[in-house]
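From first to last, the protein sequence lines stand for chains A and B. Here the first sequence is numbered in numbering that gives the first Met the number 0, starting from 0 and rising by one per residue. Here the second sequence is numbered in numbering that gives the first Met the number 0, starting from 0 and rising by one per residue.
No lab work stands behind these hints, which were simulated from the structure alone. Hints may be right or wrong, so weigh each one.
Below, in silico cross-link-like pairs of lysine to aspartate or glutamate (DMTMM-like), each with a Cα-Cα straight-line distance of 25 Å or less [claimed, not checked]:
(1) A/Lys33 - B/Asp88
(2) B/Lys56 - B/Asp7
(3) A/Lys5 - B/Asp20
(4) B/Lys245 - B/Asp211
(5) A/Lys166 - B/Glu79
(6) B/Lys165 - A/Glu160
(7) A/Lys33 - B/Glu42
(8) A/Lys30 - B/Glu79
(9) A/Lys182 - B/Asp20
(10) B/Lys56 - A/Glu160
(11) A/Lys2 - A/Asp126
(12) A/Lys90 - B/Asp88
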Amino acid sequence: MDKFTKITGVAAPLPLINVDTDMIIPKQFLKTIKRSGLGVNLFDEMRYQDDGSENPDFVLNKPAYRSAEILIAGDNFGCGSSREHAPWAIKDFGIRCVIAPSFADIFFNNCFKNGILPITLPQEQIDMLMKDAEKGENARMTVDLEAQTVTTSDGETFPFEVDAFKKHCLLEGLDDIALTLEKAPAIQSFEAQAAVSRPWV
Amino acid sequence: MSPKTLYDKIWDAHLVDTTEDGTSLLYIDRHLVHEVTSPQAFEGLRMSGRDVHAPDKTIAVPDHNVPTTPDRVNGIENEESRIQVDALDKNARDFGINYYPVDDIRQGIVHIVGPEQGWTLPGMTVVCGDSHTATHGAFGALAHGIGTSEVEHVLATQTLIQTKSKNMKVEITGKLHPGVTAKDITLSVIGRTGTAGGTGHVIEYCGEAIRDLSMEGRMTVCNMAIEGGARAGLIAPDETTFEYIKGRPHAPKGAQWEAALAWWKTLYSDDDAHWDKVITLDAGEIAPVVTWGTSPEDVLPITATVPAPEDFSGGKVDAVRRALEYMGLKPGMKLTDIEIDTVFIGSCTNGRIEDLRAVAEIVKGKKVKDGMRAMIVPGSGLVRAQAEEEGLADIFLEAGFEWRLAGCSMCLAMNPDQLSPGERCAATSNRNFEGRQGRGGRTHLLSPAMAAAAAITGRLTDVREVM
Ligand code: SF4
Numbered sequence: 000m001d002k003f004t005k006i007t008g009v010a011a012p013l014p015l016i017n018v019d020t021d022m023i024i025p026k027q028f029l030k031t032i033k034r035s036g037l038g039v040n041l042f043d044e045m046r047y048q049d050d051g052s053e054n055p056d057f058v059l060n061k062p063a064y065r066s067a068e069i070l071i072a073g074d075n076f077g078c079g080s081s082r083e084h085a086p087w088a089i090k091d092f093g094i095r096c097v098i099a100p101s102f103a104d105i106f107f108n109n110c111f112k113n114g115i116l117p118i119t120l121p122q123e124q125i126d127m128l129m130k131d132a133e134k135g136e137n138a139r140m141t142v143d144l145e146a147q148t149v150t151t152s153d154g155e156t157f158p159f160e161v162d163a164f165k166k167h168c169l170l171e172g173l174d175d176i177a178l179t180l181e182k183a184p185a186i187q188s189f190e191a192q193a194a195v196s197r198p199w200v
Numbered sequence: 000m001s002p003k004t005l006y007d008k009i010w011d012a013h014l015v016d017t018t019e020d021g022t023s024l025l026y027i028d029r030h031l032v033h034e035v036t037s038p039q040a041f042e043g044l045r046m047s048g049r050d051v052h053a054p055d056k057t058i059a060v061p062d063h064n065v066p067t068t069p070d071r072v073n074g075i076e077n078e079e080s081r082i083q084v085d086a087l088d089k090n091a092r093d094f095g096i097n098y099y100p101v102d103d104i105r106q107g108i109v110h111i112v113g114p115e116q117g118w119t120l121p122g123m124t125v126v127c128g129d130s131h132t133a134t135h136g137a138f139g140a141l142a143h144g145i146g147t148s149e150v151e152h153v154l155a156t157q158t159l160i161q162t163k164s165k166n167m168k169v170e171i172t173g174k175l176h177p178g179v180t181a182k183d184i185t186l187s188v189i190g191r192t193g194t195a196g197g198t199g200h201v202i203e204y205c206g207e208a209i210r211d212l213s214m215e216g217r218m219t220v221c222n223m224a225i226e227g228g229a230r231a232g233l234i235a236p237d238e239t240t241f242e243y244i245k246g247r248p249h250a251p252k253g254a255q256w257e258a259a260l261a262w263w264k265t266l267y268s269d270d271d272a273h274w275d276k277v278i279t280l281d282a283g284e285i286a287p288v289v290t291w292g293t294s295p296e297d298v299l300p301i302t303a304t305v306p307a308p309e310d311f312s313g314g315k316v317d318a319v320r321r322a323l324e325y326m327g328l329k330p331g332m333k334l335t336d337i338e339i340d341t342v343f344i345g346s347c348t349n350g351r352i353e354d355l356r357a358v359a360e361i362v363k364g365k366k367v368k369d370g371m372r373a374m375i376v377p378g379s380g381l382v383r384a385q386a387e388e389e390g391l392a393d394i395f396l397e398a399g400f401e402w403r404l405a406g407c408s409m410c411l412a413m414n415p416d417q418l419s420p421g422e423r424c425a426a427t428s429n430r431n432f433e434g435r436q437g438r439g440g441r442t443h444l445l446s447p448a449m450a451a452a453a454a455i456t457g458r459l460t461d462v463r464e465v466m
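Kindly produce the complete structure, drawing on both the sequences and the hints.
Below, the structure is given as C-alpha cells:
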C-alpha cells in the first residue's frame, strides 16, 4: 500500500451532503476486474454531459481543480455501497485526502486500505476549509498525518483525530494481511477452541 | 458479569486478539462472495501466493451482472459482465469454495441464498463485499459489508480487523395496521434517524412489531440498516428464527442442532445492558410510505405531499432542491398524483416468497396498467420455483407482469434491466440514489404491496385503497 505522510496541494470544494458511492463511481464501471484506471470516471454522471463531453461547471473540470489532491465535502460522504471502486477512482484521479463532517463507515475503512486519508472535522471548520478551497489553485492546503493537522492557505491550522493503528499503517504503507498473518497462532487456537464450543459452524 | 447487548455477546465470542488501542481481530464464520467485489481480491491472493484459509466457510454466487431473461442459458452477452462471472467461476473452482453457478437452481441474490441454504445462523459473524450483508442480522448474526481489500483479508486469514461500534436500540412497539409491512418499518426508521443516524453503531431492532414479523420481514428490516448508516442491524433469534432454520441444507442436525439451539437461546440483550442511542417508534403510527427524493431518508406516508426545500435546514436545503429537480417533482404535489411507468419488484430487500405472495394478493384478477413495464424478479431460483408451485407466477403473468429469473436485476441495473433518463419507477429495492437504476432514472422506494398497487393504477397508490 502507498504511504501517506504529508501532502500540500489544491483542495477542491464539493459542498454536497450524502455524496453516495453511485455518484462517486456509477455501477457501469464496476465491471472491471482491475483496481486501476477508474480515475477518468470519478463522479462520472456529474462530470460529463449526456454526449460524453465534460460538464464545465463541475468542480474537477475547472482548470483550477484539475489536479486537486484534496477534496472538501459535506456530511455523510461515501454512503451507499461497499464498492472499493469508489476509493480506487478517487486515488486514481489523484486525490489522496477527503475532508468532511462525517463519512459512511465502509467507505471510511476502504480509504485507509488504499493510501487515502479521510479526515472528519466539525461543520464550522469544514465551512472555513470550503471557503479556502473556493479560492482556487493558489490556495494550497497542507495535510500532515504525523502531526495530525490540516493547514489552510492562510496558515490557519486545524488538528484532527485518527485511529492510532490506521495512522501507523498509513504512515508506513503496511499491508494488513501480512500483519494479521503474524497472528496465525492466535487464529489457530481460536479455531481449535471453536471446533469444540460451536462445532456446527 | 456485567450486562451485555446481543452485539457484545457475538463480538466477545469471536474475538481472536485485541491490542491496547482497541483494534481487534474478529473471527469470521461465513464469508459470502459475489462477482463484482471479489476479482481483485482473488487476484491479490494469487499475486502474493496465498490460499483461501477456510474454503468450507466461503460461499460464492454470481448475482449482480447476470441477465434475468430466459435466454441467459445461452451465456451472458455483455462482454464485461461475462468476464466478471467467468472470473468468479474460475476463482471458485481454483480455490475450492462453495459455489452456486448461474445454471444452478439455488443461484440467486447472495443475501437470499445464504439464509435459504442455512449458511447464515444465529450468533455467527457474516461478511460479504456488499453493503446489504446487513440482511443476515435478521438471524441474530453480526453481519456487515466490507470492501474488496477486506474481502482479500478474510479470504487469506478468515478474520477481520475491526474496532467495536456503539450499541443502538430501535424499538418498534405495538402492532402494525393492515397494509403496513416490514418495508414501511425500515423506511420509517430511516426517515426518522436520517441516513447517517446509525453511523458508528450496530442497531438492534426489537419490540412487539419486530417479534411479530416473519424471518422474511426481519430480513427486510435488517437489509436497510446500512441505509440508516449503521454498520449492522440485528434481531435476537427466537422460535420464528429456529423454525425457519431447521432442516435447511447447511443447518446443524441431530445432537449438534440441540447444542446449537442451547447456545442460540442465550443470544439476547440483557435487561440492563447499556445503549448508546435509543429510538422508539409506535407501529400503530407507521403508515405505508414511499420515498420522494434521492436518499432513502426522503420518506413520507403515501397520504402526504411533496415537501419544499425550505421545510429543511442546513445542507439538506440544497440537497432537496437538487433532488426535486432530479425527480421532476414540485413541492405541494400529492404523492398519489405521481405517475409511474415502471414497476420493479425484487432485490435482496423484497425478493423473497412472502413478498411475492403479498404482490399476488393485490394483483390477483387485476391487470397491470396499459403501457406499464412491470417486472417481478425472484431473489433466487428456489423462490421462483416455489412461486410457480404456489400458482403465484400464473397470477403475475395473467396480470401482465414479466416473470424473470433470479438476480439483482434493476436494483442496480448492472445487467440489461435499466431505466432510461426520465423514466419513473416504483421499486421494492433499497436505494433511490441518482442514476441507481439507470442514468437519469427516477426511483420511488416502497413495499411489495405498494408496488403492486402502483402497477395496477399507474401512479403511486395507497395500498389500503385496493385491498
Ligand atoms: S439486490 Fe441490489 S442491494 Fe441487493 S445485493 Fe443485489 S444489487 Fe445489492
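Structure-based check of all given hints:
A C-alpha spacing of about 17 Å is found between A/Lys33 and B/Asp88, which places the hinted pair at or below 25 Å, so the restraint holds. With a C-alpha separation of about 23 Å, the suggested pair B/Lys56 and B/Asp7 falls inside the 25 Å cut-off, and the hint holds. In summary, the hint linking A/Lys5 to B/Asp20 is supported, as the alpha carbons are separated by about 23 Å, within the 25 Å threshold. Proximity of B/Lys245 to B/Asp211 is assessed by CA-CA distance (about 19 Å); at most 25 Å being required, the pair is judged to hold.
The suggested pairing of A/Lys166 with B/Glu79 is violated, with an alpha-carbon distance near 37 Å, which exceeds 25 Å. For the proposed pair B/Lys165 and A/Glu160, the alpha carbon gap of about 18 Å is at most 25 Å, so the pair holds. About 9 Å separates the Cα atoms of A/Lys33 and B/Glu42, which keeps this hinted pair within 25 Å; it holds. Taking the CA atoms of A/Lys30 and B/Glu79, the gap is near 6 Å; set against the 25 Å cutoff, the hint holds.
For the hint linking A/Lys182 to B/Asp20, the alpha-carbon distance of about 17 Å falls within 25 Å, and the restraint holds. Distance restraint check for B/Lys56 and A/Glu160: the Cα-Cα separation of roughly 37 Å exceeds the 25 Å cut-off, and the hinted pair is therefore not satisfied. At roughly 28 Å between alpha-carbon atoms, A/Lys2 and A/Asp126 are farther apart than 25 Å, so this suggested pair is violated. Proximity of A/Lys90 to B/Asp88 is assessed by CA-CA distance (about 29 Å); at most 25 Å being required, the pair is judged violated.
Violation of the numbered hints given earlier is confined to hints 5, 10, 11 and 12; the remaining hints are satisfied by the structure.
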